[in-house]
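With the hints as extra help, turn the sequences into a complete structure.
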Amino acid sequence: MVGLFRLLVACVLLSPVLVAAQVNMPRGVTSVSQDIYGLHMYVIWIVVGIMAVVYGVIIYSLVRHRKSRGAVAATFSENNLLEIVWTVIPLIIITAIAIPSIRVLIEMDDYDAADLTIKITGHQWKWQYEYLDHGVGFFSLLTTPMAEVVGVEEKDQWYLLEVDEPLVLPTDRKVRFVVTSNDVIHSWWVPELGIKRDAVPGYMYEAWARIQEPGIYRGQCAELCGVNHGFMPIVVKAVAPEDFDKWIAARASAAPPVTSDHNWTLPVAMERGAALYDQHCAACHRADGNGMPPTFPALRDSSIATSTDVNRHIDLVMNGVPNTAMQAYAPQLDDEELAAIITYERNAWEHDTGDLVQPSQIQARRR
Amino acid sequence: MATTPDRPARRPLLIKLVAAALLMFGFSFALVPLYDLMCDALGIGKIRAAAQPVTATTIAPHTLAIEFVTTNTEQLDWSFYPLVKSMEVTTSETYMVNFIAKNNTAHTMTVQAIPSITPVQGTEYLIKTQCFCFEQQTLAPGESIKMPVVFMIDSALPEKYATLTLSYSLFELKQETASTQSRNGEVQRNRGGRT
Amino acid sequence: MANGATAGAVQQNVPRRLIAFIVRWTTATNHKDIGTLYLCTALLNLFVGGTLALCIRAELFVPGLQFVEPNFFNTLTTMHGLIMLFGFIMPVAVGFANWLIPMMIGAPDMALPRLNNMSFWLLPTATVMLVSTLFMDGGAPNFGWTMYAPLSTTYGPPSTDYMIFAVHMLGISSIMGSINIITTIATMRAPGMTWMKLPVFVWTWLVTAFLLIGIMPVLAGAVTMMLFDRNFGTAFFDAAGGGDPLLFQHIFWFFGHPEVYVLALPAFGIISQVIPTFSRKPLFGYRTMVMATILIGFLSYIVWAHHMFTSGMPYGAQLYFMLATMLIAVPTGMKVFNWITTMFRGSISFETPMLFAIAFVFMFTFAGCTGVMLAVAPADFQYHDSYFVVAHFHYVLVNGLTFAFIAGAYYWYPKFWGRMYNERLGKWHFWLSTISVNVLFFPQHFLGLAGMPRRIPDYALQFVDFNFISSIGAFVFGFSQLIFVYNMMVSRHKGKPASDRVWEGAEGLEWTLSSPPPHHSFQTPPRID
Chain A
30 MVGLFRLLVA
40 CVLLSPVLVA
50 AQVNMPRGVT
60 SVSQDIYGLH
70 MYVIWIVVGI
80 MAVVYGVIIY
90 SLVRHRKSRG
100 AVAATFSENN
110 LLEIVWTVIP
120 LIIITAIAIP
130 SIRVLIEMDD
140 YDAADLTIKI
150 TGHQWKWQYE
160 YLDHGVGFFS
170 LLTTPMAEVV
180 GVEEKDQWYL
190 LEVDEPLVLP
200 TDRKVRFVVT
210 SNDVIHSWWV
220 PELGIKRDAV
230 PGYMYEAWAR
240 IQEPGIYRGQ
250 CAELCGVNHG
260 FMPIVVKAVA
270 PEDFDKWIAA
280 RASAAPPVTS
290 DHNWTLPVAM
300 ERGAALYDQH
310 CAACHRADGN
320 GMPPTFPALR
330 DSSIATSTDV
340 NRHIDLVMNG
350 VPNTAMQAYA
360 PQLDDEELAA
370 IITYERNAWE
380 HDTGDLVQPS
390 QIQARRR
Chain B
122 MATTPDRPAR
132 RPLLIKLVAA
142 ALLMFGFSFA
152 LVPLYDLMCD
162 ALGIGKIRAA
172 AQPVTATTIA
182 PHTLAIEFVT
192 TNTEQLDWSF
202 YPLVKSMEVT
212 TSETYMVNFI
222 AKNNTAHTMT
232 VQAIPSITPV
242 QGTEYLIKTQ
252 CFCFEQQTLA
262 PGESIKMPVV
272 FMIDSALPEK
282 YATLTLSYSL
292 FELKQETAST
302 QSRNGEVQRN
312 RGGRT
Chain C
307 MANGATAGAV
317 QQNVPRRLIA
327 FIVRWTTATN
337 HKDIGTLYLC
347 TALLNLFVGG
357 TLALCIRAEL
367 FVPGLQFVEP
377 NFFNTLTTMH
387 GLIMLFGFIM
397 PVAVGFANWL
407 IPMMIGAPDM
417 ALPRLNNMSF
427 WLLPTATVML
437 VSTLFMDGGA
447 PNFGWTMYAP
457 LSTTYGPPST
467 DYMIFAVHML
477 GISSIMGSIN
487 IITTIATMRA
497 PGMTWMKLPV
507 FVWTWLVTAF
517 LLIGIMPVLA
527 GAVTMMLFDR
537 NFGTAFFDAA
547 GGGDPLLFQH
557 IFWFFGHPEV
567 YVLALPAFGI
577 ISQVIPTFSR
587 KPLFGYRTMV
597 MATILIGFLS
607 YIVWAHHMFT
617 SGMPYGAQLY
627 FMLATMLIAV
637 PTGMKVFNWI
647 TTMFRGSISF
657 ETPMLFAIAF
667 VFMFTFAGCT
677 GVMLAVAPAD
687 FQYHDSYFVV
697 AHFHYVLVNG
707 LTFAFIAGAY
717 YWYPKFWGRM
727 YNERLGKWHF
737 WLSTISVNVL
747 FFPQHFLGLA
757 GMPRRIPDYA
767 LQFVDFNFIS
777 SIGAFVFGFS
787 QLIFVYNMMV
797 SRHKGKPASD
807 RVWEGAEGLE
817 WTLSSPPPHH
827 SFQTPPRID
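Chains as they are written, first to last, in our numbering: chain A, 30 to 396; chain B, 122 to 316; chain C, 307 to 835.
Treat the hints loosely; a few may be bogus.
[What the hints assert, rightly or not] Here are the computed lysine to any residue pairs in the SDA-like style, where the Cα-Cα straight-line distance is at most 20 Å:
1) 96/A with 809/C
2) 281/B with 135/A
3) 206/B with 395/A
4) 223/B with 357/A
5) 281/B with 202/A
6) 203/A with 209/B
7) 223/B with 395/A
8) 281/B with 136/A
9) 223/B with 362/A
10) 206/B with 162/A
11) 96/A with 811/C
12) 203/A with 216/B
13) 249/B with 548/C
14) 203/A with 282/B
15) 281/B with 239/A
16) 206/B with 160/A
17) 267/B with 216/B
18) 281/B with 362/A
Think of the hints as simulated: they come from the structure by calculation, not from any bench.
Next comes the structure, spelled out in C-alpha cells:
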C-alpha cells in the first residue's frame, strides 16, 4: 500500500510535465497527420459552435420559462418553416465538414512509387519489421522490466513505450508500409505519423508516410490481440536520410549472429538467459515462473523444466505446443538465445538442475 | 384475444402470411447476388475475384513495379521466400516467379499459401494463370520445393498504382483435415483441437 | 402486487409461499408482471456489469498491474460489455415497452402473453450462462464484446461456445419480444387510436422492434459461423481456408450499428414523453419526430463499416460510409431541436425525471457531436480504438441512454406502484450521478486524443492524471446508484400515495388509469377522438 502511494505521488509529480501537451491530438510530423490534425480542430470548432447555440437556447429556456418564475406555457406545437430550417442547417454543416474530409481522404489514397518499403508483421505480442529493399529484418520487443510493471521498481519515463530495437526510418523520403499479421488482428498505430493500419492475418494492407522531422515517435497496438495487447509498443526513430543510409548499410553487412560453435559457462548463460527470459517469456509465464494458469502454465517446478530430459525441454521451446498460446521460438531466436533461455529456466526458481545447454545443442536440433 | 375473426376473414390473412413467407424465402436466395455485389464493392473475397481473368483490353501497356512478400503464420518453422524480391513489369505481358518452400521441422506437414494483393484495387488486374496458392503442399522433413507463379497485369490497371505487392501467407493445414479435405477439393482448416 | 401472500402467514407456510411465489412469477403472462421482471433483471445486471466496470477502473487507477492479470482484465472488459448491452440496456427498454405500450394504446395486455413469458425467461437463462463462463476452466471470453475473429475463433477460450449459445438465446428472446410488440401495436390499438396519434414512445418502439427483427438474425448468423469455425472445420473467418477475418467485422457491425439505435430509440421515446409533461406544453413537431425515428432506423442499416475505417477499406467505401454516417446527424439533430423547442416558452418545473431528461439532452448532444467527429474518416484514423471512442460511446450509452431510462423510471414509478418516490433522494441521486459521470467519462476524451488505446490493463505515464480522475468519478457514480435502488425499494411502502394523473402536465392514456393500474389495463377500450 505504501508502495502504491509512493508511486502515485511520484506519478502525480512527474506527470504535469508529460501531460502539458497531452490533452489534444498531436500535430504529428507527416503531411497526412497534420491535415488530420487540421481537420480535427476544424470539426471541433464547428461542434463547439453547435453546442454553444444548442446549450444557449436550452439554458435560456430553463431560466426564463420556469414555472417558479410564473411562466405560462405557450401552446404551439408545429412550425413547418422552423423544421425545414433545422433540417437544412445540419445538411449545410455536414457538407462543410465533408468537403475538407474528402480532400484529406484523397491525399491519403496515394500510390506513387515509394523510396522504401517496410513490411510490418504483428505477432502476439511484438512487432516484426523487414526492410524489403535491404534484406534487413528484426523483431521489436518491449524492454520495460516486469519489475516496473508490478511496481517493485520505479517506473521509467518511457514506461511501456520503450523497445529493444526501434524502427529506424529516413526523413523526407516516402516510406511505404505493408502490414500483415502472423496470428490475430493487430493494429499498427503511431499518432505522430497519422497512421493506424490493422494487421490482418493472411491479408496485406498498406499505408505510407513522409516524415518531416527527425525524432522518436511512439505508439501502441490499437486492436485487442490477446493477453499482452497492452505490452507491444511501437517506437519509430526518424533520422536524416544520410544517417539512415549509413545505418542500413551497417545493419545489412553486420555478420549474422552465428554463435553456436562455442561453449560457454553457467554464469554467463544464466545472466544472458535472465534478461532474455524477461523479454520473451515473462509476459506469460511471469518473472517468478508461476505463469497464469490455465492458459499459461507455471514453469516453476514443472516437469518439463526439472526433468532430466533436456531435449524435451529444448523441443518444446523450439517448436511450441500446437493449438496453444505457446509459440515456436526456433524461427524467432538464434541458437545462443535459445540455449540461454532454456538454461535459465532449468536453473532459476530453485530448480538448480545444473544443466547447461550449449548453443551447439540447439543447432543440432534444428533441421 | 378480444376478437375472434370469423371464417371468411381468415383466408386473406392466410394468403398474406403465406405470401410473406414465400417472399422472405425468396429474399434469402436473392441475397446471393446481393452479397456478391456487396463483396465486390467492399473488396471482400478478393481471392475469387483474382481467379477470374479480366477481359483483354486495347489500352496501351505501361510499366510498374511488383513486389513479392511472404509471411509464415503462427511461427511456422518453414523457409518460404521468393527467388526475386521485386521486378519491373510491363502490363499485358506474362511473367513467371519462383518461390521456394522448405520444411524445417521434424515431421511431414501440409501447408497452403494464401495470396493477398495490396493495394486492394489492384487485385482484379493481377491475373494468375498458374499459382501454387491453388493447391496444398505436403513436404517431408527437410524437403524443399520450387513453386512457380505465372501472372500478367491487365493494362486496364490505372497508372496511379506505381507498385503492387503480391503477398503470400503460409498456413499449416492440420494433418487429419488436410487429407479429408483434399478429397472434396476444398480448403478448410480444423479448429476443433482447441476446445 | 401483493396478491400472493397475506401478511400474517405462519412459519410452516414459508415453503408453500415460496413455491407459490416462484410459480406466480415463472408463469406470469401479464404485461405488467413481465415488465417488472424485465426491469428488475435489468437493474440486477446493471450492478453486475457495473461491478466489473469498477474492477476495470480500479486496475486503471494508477499505472502498473495491481489487482488483476492482463488476461482477466480482458475478460472484465468483454463481460462488462456483453452484460451491459444484452443484460441491462436491452431488457430495460423491453421492460418499459411491456409496461407501457398496452397502457398507452388502450389495450388490456400484450397480444401474445405466453410468448412474452418465454421471451423473458430466456433472458435470465442466457445471462446466467454468460456469467457462468467467468467460473470456467480457461476463463471467460476475453476478446472484447466485439468478438473479432480470429481472436475469438482460433484463439478463444473453450467457454466461447457457451457465450455463443447465450447470444443465440438472447437473440431468440429479442426477436420474440419484437414480434409481440409489433403485433400488439398493429392489432390492439383502441378505436380511434390512429397511427399518427400513437405516443412517440410507442412509435420509437415500433421502429426498434423492426430493427431488432432485422439485426438479431444477422448476429445469430455471425456467432453461428464462429461456432462452425471453432468446432466443425469451416473457415468463414480464417484466411487459411479462403475466408476473411474482415468478413466477421462486416457481419458483426451490420448487427452492431443498428443495435446502437435499438438501444437509443426507446430512450428517445421516453424523453419525448417526459419533456412535454414538465414543460406543460405539447411535444413540438410530432410528425417530424416520427419521421426522424423512421429515418434513423433506415440509415442505421447502411452505415456499419464506419467502425472499420482502419481495416484497409478502399477509398470509395470509406467515402460512402463517411457521408452516410454524417447523414444520421440530420434526423438526430431534428429530434434534439424538437425537444429544445418543446421546452422553449413552456412552463418548466424541475422534478427528478425532468432533471434527468435535461441532462440527457445536454450530454446526448455532446455525444452526438463527438459522433460527428468520429464519422470523419481521415480523423478516425487517429480516434479509432482509442479512449476517445470509449468516451464517445459511454457518453451515448451511460450519460445519454441510461439517464433517459432513469428519467423514465422516476417518471412512471408513481404510476406503476401508486406511491411517489422520495423527491429529495431523487435530487441527490441526480446531482451526484451527473457530476460524477462527467468526471468519469469526460477526461477519457483527452486520453484518447493523447494516444491511449482502449482495452489495455496498464498504460504509459502520460496518461496517469486523467485515468486517476476518471477512476474517482467511476466509484462515485457507481455508489450513487445505490441511492436510486434504496429510493425505489423504500418508496414502494413508505412513499406518499400518488394521484392518477401524478404530474400536472401529464398527457396520455396511461394517466387516465388508476395508480397503480388495474391488472388488465383497459378492460373496455377507451374512445379516442
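Hint check results:
Only pairs whose Cα atoms come within 20 Å are accepted, and residue 96/A paired with residue 809/C is accepted, the gap being roughly 14 Å. For the hint pairing residue 281/B with residue 135/A, the CA-to-CA distance comes to about 12 Å; that is within 20 Å, so the pair holds. Of the supplied pair hints, the one linking residue 206/B and residue 395/A is violated, its CA atoms being roughly 26 Å apart against a limit of 20 Å. Distance check on the hinted pair: residue 223/B and residue 357/A sit about 16 Å apart at the alpha-carbon level, within 20 Å; holds.
A threshold of 20 Å between alpha carbons decides the hint, and for residue 281/B with residue 202/A the separation of about 18 Å falls inside it, so the pair holds. Note on residue 203/A and residue 209/B: the hinted pairing holds, with a Cα-Cα distance of about 19 Å set against a maximum of 20 Å. A distance of roughly 13 Å separates the Cα atoms of residue 223/B and residue 395/A; the hinted pair therefore holds under the 20 Å criterion. Taking the CA atoms of residue 281/B and residue 136/A, the gap is near 13 Å; set against the 20 Å cutoff, the hint holds.
Between residue 223/B and residue 362/A, the direct Cα distance comes to roughly 19 Å. Compliance with the 20 Å bound is thereby established for this hinted pair. The hinted pair formed by residue 206/B and residue 162/A meets the criterion: a straight-line CA distance of about 8 Å does not exceed 20 Å. The hinted pair formed by residue 96/A and residue 811/C meets the criterion: a straight-line CA distance of about 12 Å does not exceed 20 Å. Restraint check: the Cα-Cα separation between residue 203/A and residue 216/B comes to about 28 Å, which exceeds 20 Å; the hinted pair is violated.
At most 20 Å may separate the alpha-carbon atoms for a hinted pair to count; residue 249/B and residue 548/C meet this at roughly 16 Å. Between residue 203/A and residue 282/B, the direct Cα distance comes to roughly 15 Å. Compliance with the 20 Å bound is thereby established for this hinted pair. This hinted pair checks out: residue 281/B and residue 239/A have alpha carbons roughly 18 Å apart, not beyond 20 Å. Restraint check for residue 206/B and residue 160/A: the C-alpha separation of about 11 Å stays at or below 20 Å, so the hint holds.
Between the alpha carbons of residue 267/B and residue 216/B the distance comes to roughly 16 Å, so the proposed pair stays at or under 20 Å and holds. About 40 Å separates the Cα atoms of residue 281/B and residue 362/A, which puts this hinted pair outside 20 Å; it is violated.
Against the hints set out earlier in the document, violations occur for numbers 3, 12, 18.
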